[in-house]
Amino acid sequence: MKNKRFFTWSLTIVIIVFFSFQSRFFEIAKQIEIYNTLFKEINMNYIDEINPGDFTDNVIKNTLKSLDPYTNFYNEQDVEDARIRREGEYGGIGVMTFYTKRGVVLTEVYKGFPADLANLKPGDVIVEVDGQPLLGLEKAQLSQMLKGTPGKKLSLKVTSKKAIKNVEIELDKIIVNPVPFFDMVDQETGYVVLTRFINRKATDEVKKAIDSLKKRGMRKLIFDLRSNPGGSLFDAVNITNLFIPKGERVVDTRGKTKKNSRIYKTSKEPLDKEIPLVVLIDDRSASASEIVSGALQDYDRAIVLGKRSFGKGLVQRYYDLTYGTQAKITISKYYTPSGRCIQELDYSNRDPKTKKVPKFSDGEVSSFKTKNGRTVYDGGGVTPDVSSKYADKNESTKALLKSRAIFTFVEEHTSKIGIIDSLKYKFKESDFEMFKRFLFEKDTAFVTKEEKLFKKAYKIIEDKKKIEKEYESLQLKLKQD
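The sequence shown maps to residues 539 to 1019 in our numbering.
Wrong hints could be hidden among the right ones.
Taking CB as the label site, the calculated pair distances span [stated by the list, open to error]:
#, residue 1, residue 2, range
1, 877, 758, 41 to 47 Å
2, 605, 636, 27 to 33 Å
3, 649, 687, 55 to 61 Å
4, 887, 577, 18 to 24 Å
5, 968, 749, 34 to 40 Å
6, 934, 638, 19 to 25 Å
7, 738, 576, 42 to 48 Å
8, 907, 722, 56 to 62 Å
9, 634, 757, 21 to 27 Å
10, 657, 950, 35 to 41 Å
11, 660, 757, 36 to 42 Å
If you are wondering where the hints come from, they were derived from the structure by calculation, not from laboratory data. Glycine included, C-beta positions come from ideal geometry on N, C-alpha and C.
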């Protein structure tokens, strides 16, 4: 009788599960069919011609915005750009750039790479590539024109403050070093900065830097993760392993499926488990940076100093799709060894009307214990053991930093006075006054959020003449502020 009852219950559960899956798959198929029908009708009947690829690209990307900012779709071109960001290798000329109406502006030239060997300088503007003017091209097109297979030759037309020059240049394999700087602060204290967790490179470069500093007498280490946006999860685990013993838990990932849930432990003997260690973080230290700083804090292996970190406790994985496209999908949340999830924004409870995303740190947070019994909290990033005071950025400062005004000012200033010795140069009050005059006189695209909203409101008011004088007065005051 008991066996019969057990069989009946088991069969009932199987039937329920079967129909729930069947219902879900039917719903998915239904939505796909609706989109296909819509796309077909728009393509056939819309008054203007549409580009099917661009249309679908926009539909997908706008759909994914309802999830979180880390779940993305990559078309064939985007796939290559994403690979470069992950791996830090590409065929190029060795520069950092930004794009303007004039062309490609060089902001940094990597020493020893093709652009440096061709005597290109920060502030130079590439206006033509192989005879094709760059004026009016999209950012993605501009980026691709300076990349390709190592050995490929390009003819560049470059403008600078002094002259226009034609440059023949050959692409080379560009390898971005995630540890751009390390040195001794004093006779015993070393300093290593890691800018990104580039797959398979970050751990090796950090280890090389530490080994080099040890040979110079390092007995204490400052490890700088400020403004490090993260990257490879495996590098985060391996870098943590440099300082804690083999077999220790570094991070847990917990997802919807078993394959997306995993415990990551250290697998090697540490490089140095005794050296006094300070880890620097700020509000732009995210993801893998938070895994490292959170784990070292949980084991009381390091003093974490700085500002509360960004709070990205989500893990993504790349999936290959058809026709060379890819999707990067958030598959799990990660948890530090003490059990903390440091995710700040709760995307699953976004306000449907305002689209505002609530913060976990605004609600109740849970407490956890470190290895030595100290209390730490989840939600809202990694809170440092010692907080550094930073001046709060107002909207004007944020807008200024986002603009190219500072770079343009430095470019113009140095073109007049020549090369500056960064170790000896001091920014004087007269320099600051010169900078303020520059912002006032030049069109720097330095616009605050309030100014943007003000201009938008002004545009929709029909009777513009009535408020023209007030607008000009307010605009002048905003510039003065």
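We went through each hint and held it up to the structure:
The given range of 41 to 47 Å is broken by residue 877 and residue 758, whose C-beta atoms sit roughly 30 Å from each other. Roughly 29 Å separates the CB atoms of residue 605 and residue 636, a value that falls within the hinted 27 to 33 Å. Restraint check, residue 649 to residue 687: a C-beta distance of roughly 23 Å breaks the suggested window 55 to 61 Å. Here the CB-CB span from residue 887 to residue 577 is close to 31 Å, at odds with the stated 18 to 24 Å.
In this structure the hint that residue 968 and residue 749 lie 34 to 40 Å apart at CB is violated, the actual value being about 45 Å. For the pair residue 934 and residue 638, the supplied restraint of 19 to 25 Å holds, since their beta-carbon distance comes to about 22 Å. Checking the proposed 42 to 48 Å range against residue 738 and residue 576 shows it holds: the Cβ atoms sit about 43 Å from each other. At about 36 Å, the beta-carbon gap between residue 907 and residue 722 misses the expected band of 56 to 62 Å.
At about 35 Å, the CB distance of residue 634 to residue 757 disagrees with the hint of 21 to 27 Å. Taking the beta carbon of each, residue 657 and residue 950 are about 20 Å apart, not inside 35 to 41 Å as hinted. About 37 Å separates the C-beta atoms of residue 660 and residue 757, a value consistent with the hinted range of 36 to 42 Å.
Consistency note: the structure conflicts with the earlier hints numbered 1, 3, 4, 5, 8, 9 and 10.
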